[in-house]
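Student: Here the protein sequences line up with chains A and B, keeping their order. The first sequence runs 0 to 336 under numbering that gives the first Met the number 0. The second sequence runs 0 to 334 under numbering that gives the first Met the number 0.
It is possible that part of the hints are untrue.
[Claimed, not checked] SDA-like mimics (lysine to any residue), calculated; alpha carbons at most 20 Å apart, straight line: (1) Lys285/B / Ala105/A; (2) Lys285/B / Glu65/A; (3) Lys319/B / Val331/B; (4) Lys214/B / Phe316/B; (5) Lys319/B / Asp246/B; (6) Lys39/A / Ile260/B; (7) Lys332/B / Asn169/B; (8) Lys324/B / Gln127/B; (9) Lys324/B / Gly167/B; (10) Lys285/B / Ile302/A; (11) Lys39/A / Lys319/B; (12) Lys39/A / Ile321/B; (13) Lys39/A / Leu120/B; (14) Lys39/A / Gln127/B.
[What the hints assert, rightly or not] Ranges of calculated distance between the beta carbons of each label pair, as one might list FRET restraints: (15) Leu296/B / Tyr246/A: 54 to 64 Å; (16) Glu305/A / Gly158/B: 36 to 46 Å; (17) Asn181/A / Val295/B: 15 to 25 Å.
[Said to hold, decoys possible] From chain B, some residues computed to sit far from chain A (all C-beta separations above 10 Å): (18) Phe15; (19) Gly100; (20) Val179; (21) Leu234; (22) Gly242; (23) Val295; (24) Gly315.
Just so you know, these hints were derived from the structure itself, not from any lab. Cβ coordinates follow ideal geometry from the N, Cα and C atoms, glycine included.
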Amino acid sequence: MKLLTTLMGAAALVGASSMAFAGSHGGGATPALIFDLGGKFDKSFNESSYNGAERFREETGIEYREFELQSDAQREQALRRFAQQGNNPVVVAGFSNATAMGIVAAEFPDTDFVIIDMVVDAPNVRSVVFAEHEGSYLVGLLAAMASETDTVSFVGGMDIPLIRKFECGYFQGARAANPDINLIGNMTGTDGSAWNNPVKGGELTMAQIEAGSGAVFAAAGGTGRGVLQAAADAGIYAIGVDSNQNYMHPGTMLTSMMKRVDVAVYNAFNDVNNGEFTTGIIAMGLAEDGVGWADDEFNADLITDEMRAAVDAARAGIIAGDIVVHDYMSDGSCPVN
Amino acid sequence: MDFGSILQILDSAVRFSTPLLLACLAGLWSERSGIFDIGLEGKMLIGAFAAGAFSAIATMPVYDGGWGWQTGGMWVGMVAAIIASILLALIHGVASITLRGNQLISGVAINFFAAGITVLLGASWFRQGGDTPQLPAGGRFRPIELPLSETLSDVPVFGPIYQNLISGHNLIIYFGFFAVLATYWVLFRTRYGLRLRAVGENPGAVDTAGISVVKLRYSAIIITGILCGIAGAYLSLGTSAPGFGRDMTAGRGFIALAALIFAKWRPVPAMWACLLFGLLEAISTKYQSIDLGFMVLPGQFMQALPYVMTVVILAGFVGKAIPPKAGGEPYVKER
Chain A
0 MKLLTTLMGA
10 AALVGASSMA
20 FAGSHGGGAT
30 PALIFDLGGK
40 FDKSFNESSY
50 NGAERFREET
60 GIEYREFELQ
70 SDAQREQALR
80 RFAQQGNNPV
90 VVAGFSNATA
100 MGIVAAEFPD
110 TDFVIIDMVV
120 DAPNVRSVVF
130 AEHEGSYLVG
140 LLAAMASETD
150 TVSFVGGMDI
160 PLIRKFECGY
170 FQGARAANPD
180 INLIGNMTGT
190 DGSAWNNPVK
200 GGELTMAQIE
210 AGSGAVFAAA
220 GGTGRGVLQA
230 AADAGIYAIG
240 VDSNQNYMHP
250 GTMLTSMMKR
260 VDVAVYNAFN
270 DVNNGEFTTG
280 IIAMGLAEDG
290 VGWADDEFNA
300 DLITDEMRAA
310 VDAARAGIIA
320 GDIVVHDYMS
330 DGSCPVN
Chain B
0 MDFGSILQIL
10 DSAVRFSTPL
20 LLACLAGLWS
30 ERSGIFDIGL
40 EGKMLIGAFA
50 AGAFSAIATM
60 PVYDGGWGWQ
70 TGGMWVGMVA
80 AIIASILLAL
90 IHGVASITLR
100 GNQLISGVAI
110 NFFAAGITVL
120 LGASWFRQGG
130 DTPQLPAGGR
140 FRPIELPLSE
150 TLSDVPVFGP
160 IYQNLISGHN
170 LIIYFGFFAV
180 LATYWVLFRT
190 RYGLRLRAVG
200 ENPGAVDTAG
210 ISVVKLRYSA
220 IIITGILCGI
230 AGAYLSLGTS
240 APGFGRDMTA
250 GRGFIALAAL
260 IFAKWRPVPA
270 MWACLLFGLL
280 EAISTKYQSI
290 DLGFMVLPGQ
300 FMQALPYVMT
310 VVILAGFVGK
320 AIPPKAGGEP
330 YVKER
């Protein structure tokens, strides 16, 4: 065992020292983007921020630099490296980067920083937060209406308040459509690996299906791939998250809870490029189209007119303030479970 | 806890333990012949990658550069996984048998090589950050319903056990349990097995009897490669997360080594050890927090449980585990 620990220590060292910065050219005010654990192509959260950056590159022809975090230890290091090399803005998606951002932002007061999913109170930081509970409410409504059983379920990634916020909104939506519906919720884990553990995601989903779930919502980054696949194999409905994941399993993908991380990244790059950058908190909810449900050719056959009417009414109700969706993060508890 | 949920946990435990079991048996073959192999992890990883990549290529539409197969893609993946894993095993063999190098260092090198080359090739072939694409149904091993599982489902107790626990797994899982019996029979009931065990205990004696130590050890290493390849293929073709993801073995090769020590290098105890580790993982997945009545065990406790149990078992319950005597020592003929 001693040998084993020595080896693992060595592995961790190599992992940390092999930081490679991808990108085409350094210097100048090149925008920079940092992807959180889970990987750039998680088909979900990080991929959405990648898509936003790509859109900026295609429209303006300006290259950007990027870095994929491999471990928690790299968060501060990556931010500082990008800031030192004069990149502007430095955008990082993921709540876990808040502490590192707070430290580095104070060291580089002339650099513009953007953090998504968390609030960092500093004069040169823009914090973008989403009203995930509102979008989750809509897909919960759809899940409860589509489910052929009297149960719907949820698989979360890491057990943190943000993911509880998804879960709570989803449960509220499901209860709104059917007050008697059973709700099952599971979290994949309590550390960063929970964002990329599709095997466990699949097992959790199978257990939920066994317990009677007829529709499952995955808010779990790369772990969601296993959830969506297990649902497709069992023939129950599944709901994707962050990016539009409807194309992955047409026929069983009911919809996706879109969180427009791409828009947040695109706007940040663009605002700095046009000299219109503002700091402070930007909240993106249903009204701002920051969240919503994915409606495309892959799920057109699954959404009935009745469901469409109900979800449109709920959306209008939330925007108008007639329906109040409880935000888990406001008090750390959920009224339904 | 009712009968249904017990069955479901056991069912899940079987799925979790299969890759451990195959890797553990792979390690058993190698170590019984006197070659320590901490490169199980790397061989599984490259097997998982080769399986995911070639199954994806076989099932991809022709206009995307694939072969357009509707079914059978998983067999291409399986063969590729076995070949890739054997190649790595042979590198380990050349380093530790022919060149008489340090077996631990060679194993570590294989783990690092596999971790790097899979992501590198994956990124260059599929451009998805080192992952392979999602696999369609024709590129994966799907659960098999054994005959009569519907008819027998009404029989009390046995019916549900047969239907849920024994039937409804994929081919690789059944192969894993078959491999336990096959390993036991070959190692302990055949002449080849006797010689192989002898070469791990006292290669000098085997050499004196006029049997080639080198050939025996290479044969064991190749079997290790085959089993590791299948274990890797299970991860990318046989679970509900089809396709390769970077570092998808996640330390299973090392847990398999722990199980091997726990089982004292014997095939049938190895199966029970792997099932125990699988069961712990299944329990921690199913019960994220357990209410004991007077207190609630938090989810963190349940998730740490497999690892805590590994330490407790290895430190406290194994007793003295004696590895094959000649393990780790390159064989040098005396002059």
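Student: Take the hints in turn and mark each one as holding or not.
Tutor: These are the hints, each one checked on the structure:
no.	hint	verdict
1	Lys285/B / Ala105/A	violated, 44 Å
2	Lys285/B / Glu65/A	violated, 37 Å
3	Lys319/B / Val331/B	violated, 28 Å
4	Lys214/B / Phe316/B	violated, 36 Å
5	Lys319/B / Asp246/B	violated, 33 Å
6	Lys39/A / Ile260/B	violated, 38 Å
7	Lys332/B / Asn169/B	violated, 46 Å
8	Lys324/B / Gln127/B	violated, 46 Å
9	Lys324/B / Gly167/B	violated, 41 Å
10	Lys285/B / Ile302/A	violated, 32 Å
11	Lys39/A / Lys319/B	violated, 46 Å
12	Lys39/A / Ile321/B	violated, 46 Å
13	Lys39/A / Leu120/B	holds, 16 Å
14	Lys39/A / Gln127/B	holds, 8 Å
15	Leu296/B / Tyr246/A: 54 to 64 Å	violated, 40 Å
16	Glu305/A / Gly158/B: 36 to 46 Å	holds, 40 Å
17	Asn181/A / Val295/B: 15 to 25 Å	holds, 21 Å
18	Phe15	violated, 7 Å
19	Gly100	holds, 17 Å
20	Val179	holds, 22 Å
21	Leu234	violated, 7 Å
22	Gly242	violated, 8 Å
23	Val295	holds, 14 Å
24	Gly315	holds, 13 Å
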